[in-house]
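A.B. asks: Chains as they are written, first to last, in numbering that gives the first Met the number 0: chain A, 0 to 58; chain B, 0 to 874; chain C, 0 to 65.
If you are wondering where the hints come from, they were derived from the structure by calculation, not from laboratory data.
Check each hint, because a few of them may be wrong.
Stated by the list, open to error - Straight-line distance between alpha carbons at most 30 Å, and here's what the computed DSSO-like set of lysine-lysine pairs gives: (1) B/K387 - C/K6; (2) B/K387 - B/K42; (3) B/K302 - A/K4; (4) B/K42 - A/K36; (5) A/K4 - B/K387.
Now for the letters of each chain:
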Amino acid sequence: MTNDKIGSVMIVGGGIAGMQSALDLADSGYYVYLVEKGPSIGGAMAQLDKTFPTNDCAM
Amino acid sequence: MEYPQAVPLKYRIDPEACIYLQKGKCGVCQKKCPVDAVDFEQKPQTVNLNVGSVILAPGFEPFSPTGLENYQYARHPNVITSMEFERILSASGPTTGHVVRPSDNAEPEKIAWFQCVGSRDLNRCDNSYCSSVCCMYAIKEAVIAKEHVGESLDCSIFFMDMRTHGKEFERFYESARDRSGVRFVRSRVHTVTPVPDSDDLELRYVTEKGELKTEIFNMLVLSVGLQTSPELVELAQNLDIELTEGRFAATDAFSPVETSRPGIFVSGAFQGPKDIPQSVVDSSAASSAAGELLADVRNTRTKEKKIPPETEVTGDRPKIGVFICQCGTNIAGVVDVPQVVEYASALPYVELATDKLFACSQDAQESMSEMIREKGLNRIVVAACTPKTHEPLFQETLTDAGLNKYLFEMTNIRNQDSWVHKNNPELATEKAKDLVRMAVSKVSLQEPLEELELGVHPAAMVVGGGIAGMTAAKSFAAQGYETHLVERGDRLGGQARNIFHTAKGDSVSEKLEELIRSVESSDKIHVHMNTALKDVEGFVGNFKSLLSSNGNEKEVEHGVTVLATGAEAYKPDEYGYGTDDRIMTSLELDQKLKEDDPVIKGLNAAAFIQCVGSREPGRMYCSRLCCTHSVENALELKKRNPEMNVYVLYRDIRTYGEKEYLYRDARKTGVIFIRYSPDDKPVVKAGKDKITITATDHVLQMPVELEVDLVNLATAVIPYGDEKLANFFKVPMNEDGFFIEKHAKLGPSEFSTDGVYLCGLAHYPKPIDESIAQAKAAVSRAVTLLARKTVYSSGTIAQVDQQLCATCGVCVSICPYSAPSFAEEGRFAGKAEINPALCKGCGLCTASCRSGAIHLKGFDTDQIFSQIFGIDEAI
Amino acid sequence: MSDKNPKILSFLCNWCSYGAADLAGVSRMEYPSNIRVIRIPCTGRMSPKFILAALRQGADAVWVSG
Numbered sequence: 000m001t002n003d004k005i006g007s008v009m010i011v012g013g014g015i016a017g018m019q020s021a022l023d024l025a026d027s028g029y030y031v032y033l034v035e036k037g038p039s040i041g042g043a044m045a046q047l048d049k050t051f052p053t054n055d056c057a058m
Numbered sequence: 000m001e002y003p004q005a006v007p008l009k010y011r012i013d014p015e016a017c018i019y020l021q022k023g024k025c026g027v028c029q030k031k032c033p034v035d036a037v038d039f040e041q042k043p044q045t046v047n048l049n050v051g052s053v054i055l056a057p058g059f060e061p062f063s064p065t066g067l068e069n070y071q072y073a074r075h076p077n078v079i080t081s082m083e084f085e086r087i088l089s090a091s092g093p094t095t096g097h098v099v100r101p102s103d104n105a106e107p108e109k110i111a112w113f114q115c116v117g118s119r120d121l122n123r124c125d126n127s128y129c130s131s132v133c134c135m136y137a138i139k140e141a142v143i144a145k146e147h148v149g150e151s152l153d154c155s156i157f158f159m160d161m162r163t164h165g166k167e168f169e170r171f172y173e174s175a176r177d178r179s180g181v182r183f184v185r186s187r188v189h190t191v192t193p194v195p196d197s198d199d200l201e202l203r204y205v206t207e208k209g210e211l212k213t214e215i216f217n218m219l220v221l222s223v224g225l226q227t228s229p230e231l232v233e234l235a236q237n238l239d240i241e242l243t244e245g246r247f248a249a250t251d252a253f254s255p256v257e258t259s260r261p262g263i264f265v266s267g268a269f270q271g272p273k274d275i276p277q278s279v280v281d282s283s284a285a286s287s288a289a290g291e292l293l294a295d296v297r298n299t300r301t302k303e304k305k306i307p308p309e310t311e312v313t314g315d316r317p318k319i320g321v322f323i324c325q326c327g328t329n330i331a332g333v334v335d336v337p338q339v340v341e342y343a344s345a346l347p348y349v350e351l352a353t354d355k356l357f358a359c360s361q362d363a364q365e366s367m368s369e370m371i372r373e374k375g376l377n378r379i380v381v382a383a384c385t386p387k388t389h390e391p392l393f394q395e396t397l398t399d400a401g402l403n404k405y406l407f408e409m410t411n412i413r414n415q416d417s418w419v420h421k422n423n424p425e426l427a428t429e430k431a432k433d434l435v436r437m438a439v440s441k442v443s444l445q446e447p448l449e450e451l452e453l454g455v456h457p458a459a460m461v462v463g464g465g466i467a468g469m470t471a472a473k474s475f476a477a478q479g480y481e482t483h484l485v486e487r488g489d490r491l492g493g494q495a496r497n498i499f500h501t502a503k504g505d506s507v508s509e510k511l512e513e514l515i516r517s518v519e520s521s522d523k524i525h526v527h528m529n530t531a532l533k534d535v536e537g538f539v540g541n542f543k544s545l546l547s548s549n550g551n552e553k554e555v556e557h558g559v560t561v562l563a564t565g566a567e568a569y570k571p572d573e574y575g576y577g578t579d580d581r582i583m584t585s586l587e588l589d590q591k592l593k594e595d596d597p598v599i600k601g602l603n604a605a606a607f608i609q610c611v612g613s614r615e616p617g618r619m620y621c622s623r624l625c626c627t628h629s630v631e632n633a634l635e636l637k638k639r640n641p642e643m644n645v646y647v648l649y650r651d652i653r654t655y656g657e658k659e660y661l662y663r664d665a666r667k668t669g670v671i672f673i674r675y676s677p678d679d680k681p682v683v684k685a686g687k688d689k690i691t692i693t694a695t696d697h698v699l700q701m702p703v704e705l706e707v708d709l710v711n712l713a714t715a716v717i718p719y720g721d722e723k724l725a726n727f728f729k730v731p732m733n734e735d736g737f738f739i740e741k742h743a744k745l746g747p748s749e750f751s752t753d754g755v756y757l758c759g760l761a762h763y764p765k766p767i768d769e770s771i772a773q774a775k776a777a778v779s780r781a782v783t784l785l786a787r788k789t790v791y792s793s794g795t796i797a798q799v800d801q802q803l804c805a806t807c808g809v810c811v812s813i814c815p816y817s818a819p820s821f822a823e824e825g826r827f828a829g830k831a832e833i834n835p836a837l838c839k840g841c842g843l844c845t846a847s848c849r850s851g852a853i854h855l856k857g858f859d860t861d862q863i864f865s866q867i868f869g870i871d872e873a874i
Numbered sequence: 000m001s002d003k004n005p006k007i008l009s010f011l012c013n014w015c016s017y018g019a020a021d022l023a024g025v026s027r028m029e030y031p032s033n034i035r036v037i038r039i040p041c042t043g044r045m046s047p048k049f050i051l052a053a054l055r056q057g058a059d060a061v062w063v064s065g
């Protein structure tokens with residue numbers, strides 16, 4: 000059987016959105032390339048102190 | 000390194016600032032680094048990747064207020080952005096969480112927040128959309144600032160419309176105002192001037208009553224909006240992706256995570272300004288969309304890990320290896336590590352004790368693995384940082400070395416020792432010895448534990464045949480899973496049947512029919528109409544549900560469940576509803592618009608009344624979709640008859656995100672917006688010819704009388720609050736009757752109960768695009784389970800010694816997860832037994848068992864006693 | 000019991016207080032060193048027997064947090 004689809008996904012952005020997609024896809028059987036321009040993942044959320052409406056710590 | 004919680008927590012060289020890279024001299028760091036981690040030779044590389052799909056989640060940039068001269072941001076140190084204030088509040092920020100203003104590090108007494116800086120503004124910036132999140136984060140910052148400084152701190156938020164449209168947001172707003180004492184001022188401040196001879200700022204603004212006021216604040220926080228960066232706009236152009244007016248990736252309401260280019264999906268703030276939970280929903284939805292595309296090549300690129308066979312150690316004398324981490328200087332700088340190593344090597348059963356510079360580094364892991372094999376170690380203790388982050392890593396090393404991963408104990412000599420006793424190295428060293436001793440005595444009693452392998456039935460059940468339920472079923476089917484769609488009524492479609500247009504102006508019925516057709520024609524989806532759920536048993540991976548339809552019962556097996564049971568429109572008993580045909584709910588007006596009822600064109604005037612049944616005591620939540628819905632229908636009325644006078648009576652207009660354009664267009668078209676306050680609601684009187692509405696106009700500060708031919712009541716979205724269903728799956732509901740998700744931000748589409756997911760209106764009111772995104776998100780989360788084919792229960796669970804069980808039933812009644820039950824057959828019939836798949840290992844039953852018959856593996860009574868006995872030597 | 004330097008044994012829930020104690024470290028807070036921590040999976044695991052044993056073993060105080 001020929002199939003030109005590739006079972007891997009590239010995700011651009013290592014913030015909360017990119018990380019969630021990466022986890023979901025990796026756990027579902029796809030190879031994931033998570034591409035982040037900065038030196039660490041976490042994105043904007045990692046810079047927040049607490050998050051609304053529960054005032055949980057953002058880390 | 001950007002901040003102390005960065006992941007990975009590693010330093011990197013800033014090439015712009017490095018003397019070596021700029022001038023070729025220095026290199027001190029390279030000489031000093033004890034593990035030779037500094038490499039100046041690294042060069043940027045271009046890597047080509049071939050992938051099946053791309054997800055764009057590049058985020059946003061905060062709007063920079065530098066250009067807004069009237070707010071003094073660039074000129075005055077005490078005018079900062081909300082992102083900068085976030086860092087001031089943070090315990091790991093530059094002020095270690097002390098709220099001080101930048102100019103003099105003094106604690107402020109009065110702080111003002113300005114909303115909509117860089118949002119809803121075309122005069123001073125390009126962003127006419129609403130950034131959706133600023134109202135909530137400003138309230139949060141104000142509340143937390145008051146917590147840090149104290150009650151006396153005066154926090155004032157200057158706003159246009161307060162947009163607290165998310166789950167539990169309205170209560171947060173109420174509590175900030177009534178309990179925390181945050182002041183809310185509805186006004187857009189026009190001038191900020193520095194107060195001469197002080198670091199304060201003077202604000203001039205016009206109150207709601209039209210008075211000009213002057214007030215002095217110590218500090219000003221600009222609630223900056225979210226925007227797409229210019230680099231991203233360029234990226235989008237390179238990728239040939241369409242953008243919206245606000246420069247976000249364009250998507251359709253029925254495919255909310257698909258960009259204009261097939262195979263490229265989008266999530267997070269690049270799809271539109273949004274908060275964390277919505278971003279998380281989108282991201283899972285994008286994963287699902289990619290998964291639908293690539294389902295037939297699943298598992299073709301992933302690699303299987305090879306696991307060596309496990310060495311049998313039961314009955315062997317413990318041979319303990321103790322590894323003590325220096326963590327660079329984090330531990331070794333305080334704790335005398337060689338002394339602890341020496342101490343540990345003399346403890347009972349310890350075969351080997353040694354230290355590691357960084358126990359978590361790859362080479363340390365390999366050497367540990369080697370020592371386990373070489374010395375035949377059968378129990379391992381690692382004294383390092385916290386097991387909460389590093390236990391899985393070390394357990395993997397054990398597995399790789401052929402040891403059962405539970406023959407392990409980690410003790411915390413960093414976070415709970417060297418870091419907190421840094422001025423007392425001697426006592427910290429003593430403490431480390433005690434902790435190591437306690438861990439050694441515990442681990443010597445540790446036995447290899449088994450993780451139960453449970454099969455996952457590769458099918459899903461979706462409860463609810465509305466747009467969310469159908470989307471979920473379709474997505475499961477597309478990813479290759481059999482799905483049972485259970486609908487209690489006789490038609491698919493749910494509330495979407497009643498809706499005329501989406502916020503983007505597309506016809507709903509057309510797309511809905513298409514969706515229904517594809518669900519009905521799918522050979523993987525079994526649609527069960529007129530069907531109720533009678534009973535559910537089983538657990539994650541293995542549910543058995545009893546379906547009942549017109550007296551016929553049928554059992555279906557499924558590995559996962561999605562609850563998409565929806566909600567309905569509130570039927571009010573106020574504003575004369577039910578007494579006059581001209582007074583109707585939003586869905587009833589939609590029906591007329593859909594049918595192209597000729598009455599509509601003939602109307603001279605129509606009014607929309609917002610928040611009917613929402614944001615009121617007893618229903619303290621915003622129904623999220625009604626503002627957009629009414630504004631859109633107001634525009635539609637104007638379109639059908641431009642001469643018509645259209646009024647919207649509202650409390651706050653909450654057209655969040657790019658829905659703001661509708662509000663802008665409505666005002667442009669001449670729709671008149673009149674704000675009312677909840678203690679002075681409009682009065683509706685139905686006369687023979689006309690309906691008269693009396694309300695107090697907020698601009699004129701006077702009562703106005705409107706004569707209209709039609710009144711649309713934008714009524715609340717209310718959930719069904721189905722207790723029976725909630726009990727079947729042991730899922731909680733909040734006081735309003737909406738289901739409570741696993742985590743408000745990180746687990747918005749799943750329940751705490753494993754294997755059960757949620758989406759759509761049953762979670763919270765939301766428009767069609769968000770329902771569809773959440774349906775796909777729920778599926779994505781569920782597929783992570785289905786794709787595994789098997790699940791492993793944790794080894795640290797409770798087990799009954801049935802010879803000792805007295806059948807008292809305390810464990811059965813006390814367990815929050817229903818794991819214990821009485822055995823029905825066999826030698827120990829009547830005695831308690833624990834279902835390992837349901838046990839969460841909390842130990843409640845073990846502590847409560849009066850016969851001492853229950854053992855919690857990994858935290859068994861003798862093990863905890865051995866730790867307690869370990870303290871007698873402690874000082 | 001030594002008043003100045005009581006020996007404290009604490010039982011911390013893995014999911015909350017143990018994490019909080021970690022965070023105290025991350026935040027570089029300082030506190031006296033005469034406390035020893037036993038990590039438990041949940042305060043539901045706590046049995047009165049543990050407290051009695053700790054006291055008998057010479058602990059001046061037992062702290063259960065979760």
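A.B. asks: A separate judgement is required for each hint: does it hold in the structure or not?
C.D. replies: Hint by hint, here is what the structure shows:
| no. | hint | verdict |
| --- | --- | --- |
| 1 | B/K387 - C/K6 | holds (25 Å) |
| 2 | B/K387 - B/K42 | violated (35 Å) |
| 3 | B/K302 - A/K4 | holds (17 Å) |
| 4 | B/K42 - A/K36 | holds (15 Å) |
| 5 | A/K4 - B/K387 | violated (39 Å) |
Violation of the numbered hints given earlier is confined to hints 2 and 5; the remaining hints are satisfied by the structure.
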